[in-house]
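Asker: Sequence:
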Amino acid sequence: MACAPCQKNKKQYEVINSQGTRVFGPTPYKTTADAMAQRHSGTVREVSKDGA
Numbered sequence: 002m003a004c005a006p007c008q009k010n011k012k013q014y015e016v017i018n019s020q021g022t023r024v025f026g027p028t029p030y031k032t033t034a035d036a037m038a039q040r041h042s043g044t045v046r047e048v049s050k051d052g053a
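Position in the sequence shown (first residue = 1) + 1 = the numbering used here.
One thing to keep in mind: the hints can contain errors.
Below, computed lysine to any residue pairings styled on SDA-like, alpha-carbon distance capped at 25 Å [what the hints assert, rightly or not]:
#1 Lys12 - Ala36
#2 Lys50 - Gln39
#3 Lys31 - Lys50
#4 Lys31 - Val45
#5 Lys12 - Thr22
#6 Lys12 - Arg46
#7 Lys11 - Lys50
#8 Lys31 - Gln20
#9 Lys50 - Thr28
#10 Lys50 - Ile17
#11 Lys31 - Val48
#12 Lys12 - Phe25
#13 Lys12 - Thr28
#14 Lys11 - Asp35
#15 Lys12 - Tyr30
#16 Lys50 - Thr33
#17 Lys50 - Gly21
#18 Lys50 - Asn18
#19 Lys31 - Glu15
#20 Lys50 - Asp35
#21 Lys50 - Thr22
#22 Lys31 - Arg46
#23 Lys50 - Phe25
#24 Lys11 - Thr28
#25 Lys50 - Pro29
#26 Lys12 - Arg40
#27 Lys50 - Val24
#28 Lys12 - Ser42
#29 Lys11 - Val24
#30 Lys12 - Lys31
#31 Lys12 - Pro29
#32 Lys31 - Ile17
Label pairs and their calculated CB-CB ranges [as the list claims (entries may be wrong)]:
#33 Glu47 - Ser19: 14 to 20 Å
#34 Lys11 - Ser42: 15 to 21 Å
#35 Ser49 - Gly21: 15 to 21 Å
#36 Val48 - Ser19: 14 to 20 Å
By construction, these hints were calculated from the structure, which means they are not laboratory data. Cβ coordinates follow ideal geometry from the N, Cα and C atoms, glycine included.
Let the hints inform the model, and build the full structure from the sequences given.
Answerer: Now the structure itself:
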């Protein structure tokens, strides 16, 4: 059974590099994704948990 915060937050974030490859994620934490994007010179993309 999923925890309450998981049901509430339907967004996740992943880091994409310049070639379009995912280098980090998905993670529910935008600040973590932002930090990893800086480290990998990538961009943060928002994705939904249900895959849509």
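Asker: Does each hint hold? Answer for all of them.
Answerer: Now the hints, each set against the structure:
About 17 Å separates the Cα atoms of Lys12 and Ala36, which keeps this hinted pair within 25 Å; it holds. Restraint check: the Cα-Cα separation between Lys50 and Gln39 comes to about 23 Å, which is no more than 25 Å; the hinted pair holds. A threshold of 25 Å between alpha carbons decides the hint, and for Lys31 with Lys50 the separation of about 14 Å falls inside it, so the pair holds. Distance check on the hinted pair: Lys31 and Val45 sit about 8 Å apart at the alpha-carbon level, within 25 Å; holds.
For the hint pairing Lys12 with Thr22, the CA-to-CA distance comes to about 19 Å; that is within 25 Å, so the pair holds. Distance hint between Lys12 and Arg46 is fulfilled; the C-alpha atoms sit about 10 Å from each other, no more than 25 Å. Our distance criterion of 25 Å between C-alpha atoms is met by Lys11 and Lys50, whose separation comes to about 5 Å. The hinted pair formed by Lys31 and Gln20 meets the criterion: a straight-line CA distance of about 21 Å does not exceed 25 Å.
Note on Lys50 and Thr28: the hinted pairing holds, with a Cα-Cα distance of about 10 Å set against a maximum of 25 Å. This hinted pair checks out: Lys50 and Ile17 have alpha carbons roughly 17 Å apart, not beyond 25 Å. Between Lys31 and Val48 the CA atoms are separated by roughly 11 Å; this keeps the pair inside 25 Å, and the hint holds. Under the criterion of a C-alpha separation no larger than 25 Å, the hint pairing Lys12 with Phe25 is consistent with the structure, at around 15 Å.
Restraint check: the Cα-Cα separation between Lys12 and Thr28 comes to about 9 Å, which is no more than 25 Å; the hinted pair holds. As the CA atoms of Lys11 and Asp35 are separated by approximately 18 Å, the hinted pair is consistent with the 25 Å bound. For the proposed pair Lys12 and Tyr30, the alpha carbon gap of about 9 Å is at most 25 Å, so the pair holds. Pair hint Lys50 plus Thr33 holds up; C-alpha atoms about 17 Å apart against a cutoff of 25 Å.
Only pairs whose Cα atoms come within 25 Å are accepted, and Lys50 paired with Gly21 is accepted, the gap being roughly 20 Å. A C-alpha spacing of about 21 Å is found between Lys50 and Asn18, which places the hinted pair at or below 25 Å, so the restraint holds. Between Lys31 and Glu15, the direct Cα distance comes to roughly 9 Å. Compliance with the 25 Å bound is thereby established for this hinted pair. As the CA atoms of Lys50 and Asp35 are separated by approximately 18 Å, the hinted pair is consistent with the 25 Å bound.
For the proposed pair Lys50 and Thr22, the alpha carbon gap of about 19 Å is at most 25 Å, so the pair holds. With a C-alpha separation of about 10 Å, the suggested pairing of Lys31 with Arg46 holds against the 25 Å cut-off. At roughly 15 Å between alpha-carbon atoms, Lys50 and Phe25 fall within 25 Å of each other, so this suggested pair holds. The hinted pair formed by Lys11 and Thr28 meets the criterion: a straight-line CA distance of about 11 Å does not exceed 25 Å.
In summary, the hint linking Lys50 to Pro29 is supported, as the alpha carbons are separated by about 9 Å, within the 25 Å threshold. The hinted pair formed by Lys12 and Arg40 meets the criterion: a straight-line CA distance of about 22 Å does not exceed 25 Å. Note on Lys50 and Val24: the hinted pairing holds, with a Cα-Cα distance of about 18 Å set against a maximum of 25 Å. Of the pairs offered as hints, the one joining Lys12 and Ser42 holds, with about 22 Å between alpha carbons and a cut-off of 25 Å not exceeded.
Our distance criterion of 25 Å between C-alpha atoms is met by Lys11 and Val24, whose separation comes to about 21 Å. For the proposed pair Lys12 and Lys31, the alpha carbon gap of about 9 Å is at most 25 Å, so the pair holds. Among the hinted pairs, Lys12 with Pro29 is consistent with the structure: their alpha-carbon atoms are about 6 Å apart, no more than 25 Å. Note on Lys31 and Ile17: the hinted pairing holds, with a Cα-Cα distance of about 14 Å set against a maximum of 25 Å.
Between Glu47 and Ser19 the C-beta distance comes to about 18 Å, which sits within the given range of 14 to 20 Å. A hinted range of 15 to 21 Å is violated for the C-beta pair Lys11 and Ser42, which are about 28 Å apart. The hint said 15 to 21 Å for the Cβ distance between Ser49 and Gly21, and at roughly 19 Å that hint holds. Against the hinted window of 14 to 20 Å, the Cβ-Cβ separation of Val48 and Ser19 comes to about 18 Å, which satisfies the hint.
Checked against the numbered hints above, the structure breaks only hint 34 and satisfies the rest.
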